[in-house]
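Position chain B against the provided structure of chain A, taking the given hints into account.
2 protein chains.
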Amino acid sequence: MPLKAAELQIIGLAGIKEVAPGDPLAMLIVQAATGCGLSPADGDILVVAQKIVSKAEGRLVELRQVEPSPQAQEWAEAWNRDPRLIECVLRESRRVVRMERGVIIVETRHGFICANAGVDTSNVPPGWASLLPVDPDASARRIANNIHEQSGFRVGVIISDTFGRPWREGLVNVAIGVAGVAPLLDYRGHVDACGKELHATVIAIADELASAAELLMGKALHTPVVLIRGLKLPQREGSARQLVRSPEQDLFR
Amino acid sequence: MPLKAAELQIIGLAGIKEVAPGDPLAMLIVQAATGCGLSPADGDILVVAQKIVSKAEGRLVELRQVEPSPQAQEWAEAWNRDPRLIECVLRESRRVVRMERGVIIVETRHGFICANAGVDTSNVPPGWASLLPVDPDASARRIANNIHEQSGFRVGVIISDTFGRPWREGLVNVAIGVAGVAPLLDYRGHVDACGKELHATVIAIADELASAAELLMGKALHTPVVLIRGLKLPQREGSARQLVRSPEQDLFR
Numbered sequence: 114m115p116l117k118a119a120e121l122q123i124i125g126l127a128g129i130k131e132v133a134p135g136d137p138l139a140m141l142i143v144q145a146a147t148g149c150g151l152s153p154a155d156g157d158i159l160v161v162a163q164k165i166v167s168k169a170e171g172r173l174v175e176l177r178q179v180e181p182s183p184q185a186q187e188w189a190e191a192w193n194r195d196p197r198l199i200e201c202v203l204r205e206s207r208r209v210v211r212m213e214r215g216v217i218i219v220e221t222r223h224g225f226i227c228a229n230a231g232v233d234t235s236n237v238p239p240g241w242a243s244l245l246p247v248d249p250d251a252s253a254r255r256i257a258n259n260i261h262e263q264s265g266f267r268v269g270v271i272i273s274d275t276f277g278r279p280w281r282e283g284l285v286n287v288a289i290g291v292a293g294v295a296p297l298l299d300y301r302g303h304v305d306a307c308g309k310e311l312h313a314t315v316i317a318i319a320d321e322l323a324s325a326a327e328l329l330m331g332k333a334l335h336t337p338v339v340l341i342r343g344l345k346l347p348q349r350e351g352s353a354r355q356l357v358r359s360p361e362q363d364l365f366r
Numbered sequence: 114m115p116l117k118a119a120e121l122q123i124i125g126l127a128g129i130k131e132v133a134p135g136d137p138l139a140m141l142i143v144q145a146a147t148g149c150g151l152s153p154a155d156g157d158i159l160v161v162a163q164k165i166v167s168k169a170e171g172r173l174v175e176l177r178q179v180e181p182s183p184q185a186q187e188w189a190e191a192w193n194r195d196p197r198l199i200e201c202v203l204r205e206s207r208r209v210v211r212m213e214r215g216v217i218i219v220e221t222r223h224g225f226i227c228a229n230a231g232v233d234t235s236n237v238p239p240g241w242a243s244l245l246p247v248d249p250d251a252s253a254r255r256i257a258n259n260i261h262e263q264s265g266f267r268v269g270v271i272i273s274d275t276f277g278r279p280w281r282e283g284l285v286n287v288a289i290g291v292a293g294v295a296p297l298l299d300y301r302g303h304v305d306a307c308g309k310e311l312h313a314t315v316i317a318i319a320d321e322l323a324s325a326a327e328l329l330m331g332k333a334l335h336t337p338v339v340l341i342r343g344l345k346l347p348q349r350e351g352s353a354r355q356l357v358r359s360p361e362q363d364l365f366r
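Protein sequence lines, in the order shown, are assigned to chains A and B.
Under this note's numbering, the first residue of the first sequence carries the number 114, and numbering increases by one thereafter.
Under this note's numbering, the first residue of the second sequence carries the number 114, and numbering increases by one thereafter.
Only chain A is shown next, with the shape it has when bound in the complex:
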């Protein structure tokens, strides 16, 4: 008899059309799952692309209504960028980490460190930009609660965005909002295969789940929601704020 292999299913939910401000995301997600012959179930994790959350929440800016500050204008001129976009980036930021070679790396108001504060002109109409949700943990919480109301099931929800990182090429998807799942899995105190106690091993599973989902999302592939099934986790609460390293713990500030 074959050994039972542990298995995760990563399922891209096709069929979610263009999302507009006010759209009921949880309902669209449940409908998309149903359309794929699936129903969300207890313990499933739904990874939802930030872009559709921002759209549903109306976090869109029409650039012609943005008045750039002198700082934004100066920087835009120096690097041949749109001063109104720079202005949006600065407004969304708590702190500019680096501003060179045409790239602005900031700490967002949530504490995330990323390029352009998550302000983005892809997948929105020309002349508009999307901003990150004001409180992505609350966005995740709302989606999880609404799915529970509609389906009776308790799912984990992760709002994801693609971030660059120092030292390594390429972007990866990370979690910017979390509900219904603990974002960190702590192995400290467990023993390894040799019976030795593991130290200092805390895995950012919410980021790993976001990365796993990205493999089916693509950037232009119309798959903004991915369902992950089969991960046996204790049902626990958590938030993406737990993924933000405090300044005093961070060797790289």
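Be aware that a few hints might be false.
To be verified - Here are the simulated EDC-like cross-link-like pairs (lysine to aspartate or glutamate), alpha carbons at most 20 Å apart as the crow flies: (1) B:345 - B:282; (2) B:345 - B:120; (3) A:345 - B:120; (4) A:345 - A:299; (5) B:345 - A:299; (6) A:345 - A:131.
To be verified - Going by beta-carbon spacing under 10 Å, a handful of chain B positions derived as facing chain A: (7) 125; (8) 134; (9) 140; (10) 141; (11) 184; (12) 214; (13) 275; (14) 280; (15) 284; (16) 287; (17) 328; (18) 331.
Because the hints were derived from the structure by calculation, they are not lab data.
Note that this is a predicted model, so its numbers are computed, not measured.
Even glycine gets a Cβ: it sits at the ideal position worked out from N, Cα and C.
Then chain B, alone, in the frame of chain A:
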């Protein structure tokens, strides 16, 4: 009729026992897959934990044979660490990036930036440490070639390790060796859902695949190999060296 959902299967290959120097990894992996009722197939990706690759390649050091340098001794005393371990870390490093609060962040000889140069005492016998493979891309290439010889199938192979990162809590699995798959997926030139050309979007799928696999590996769970099936990628060559950002491109040096 339900829409066809895109789906990835992430399958932990159970049944790989303790690996010793000289063990034929490809054969052990094919046997483990068979034991789980699976056969590797064209286009599958195998994510293999660094630890078993290092063990199979004999990249183990007995600490009582390590003579610490004065620098290693000084630092070990200051932070109450084992000077022989510090010595191993320094020998594996090209450059020390940070050395404070008891943590050594280095650039390894491969160019990876990580804690302790990947020198690790978990999952090895007491008094020993494991080192990263000398050339993890070559390790991945060997495994892929040997699996092809034994099974006739062409799989992608990713050697993974868990790394910390600035700004965010928790470790994630990343790719340190790659063969038979391109580690970066380049969306530049594609159009988004609004018909706009995507700029600057290169996704580090090898890291995302490594992260996805970690969800089933755990640190102590005896699942050092994970098979990922269903990702439709062009079969292309690539290496983990492509994931190392060159100093002149890196805003964080």
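Now the hints, each set against the structure:
A hinted pair counts as satisfied when its Cα atoms are at most 20 Å apart, and residue 345 of chain B with residue 282 of chain B does not qualify at roughly 31 Å. Proposed proximity of residue 345 of chain B and residue 120 of chain B is supported: the alpha carbons are some 10 Å apart, at most 20 Å. Of the pairs offered as hints, the one joining residue 345 of chain A and residue 120 of chain B holds, with about 19 Å between alpha carbons and a cut-off of 20 Å not exceeded. Between the alpha carbons of residue 345 of chain A and residue 299 of chain A the distance comes to roughly 14 Å, so the proposed pair stays at or under 20 Å and holds.
Our distance criterion of 20 Å between C-alpha atoms is broken by residue 345 of chain B and residue 299 of chain A, whose separation comes to about 33 Å. Between the alpha carbons of residue 345 of chain A and residue 131 of chain A the distance comes to roughly 33 Å, so the proposed pair goes past 20 Å and is violated. For the restraint placing residue 125 of chain B at the interface with chain A, the shortest Cβ-Cβ distance is roughly 4 Å, inside the 10 Å limit, so the hint holds. Using the Cβ-Cβ criterion of 10 Å, the hint placing residue 134 of chain B at the interface with chain A is not satisfied: the shortest such distance is roughly 16 Å.
Interface restraint check: residue 140 of chain B against chain A, minimum CB-CB distance 17 Å, threshold 10 Å, status violated. Interface hint at residue 141 of chain B: violated, since its Cβ lies 14 Å from the closest Cβ of chain A, which is beyond the 10 Å cut-off. Against a cut-off of 10 Å between C-beta atoms, the interface hint on residue 184 of chain B is violated, since the closest Cβ of chain A lies about 19 Å away. A least Cβ separation of about 7 Å between residue 214 of chain B and chain A falls short of the 10 Å threshold, and the interface hint therefore holds.
Checking residue 275 of chain B against chain A: minimum C-beta separation of about 7 Å stays under 10 Å; hint holds. For residue 280 of chain B, the interface hint holds, since its Cβ comes within 10 Å of a Cβ in chain A; the closest pair sits about 4 Å apart. Because the smallest distance between the Cβ of residue 284 of chain B and any Cβ of chain A comes to about 6 Å, under 10 Å, the interface hint for this residue holds. The restraint placing residue 287 of chain B at the interface with chain A holds, with a minimum CB-CB distance near 7 Å, inside the 10 Å limit.
Against a cut-off of 10 Å between C-beta atoms, the interface hint on residue 328 of chain B holds, since the closest Cβ of chain A lies about 6 Å away. Taking 10 Å as the C-beta cut-off, the interface hint given for residue 331 of chain B holds, the closest approach to chain A being about 7 Å.
In this structure, the earlier hints numbered 1, 5, 6, 8, 9, 10, 11 are contradicted, and the remaining ones agree with it.
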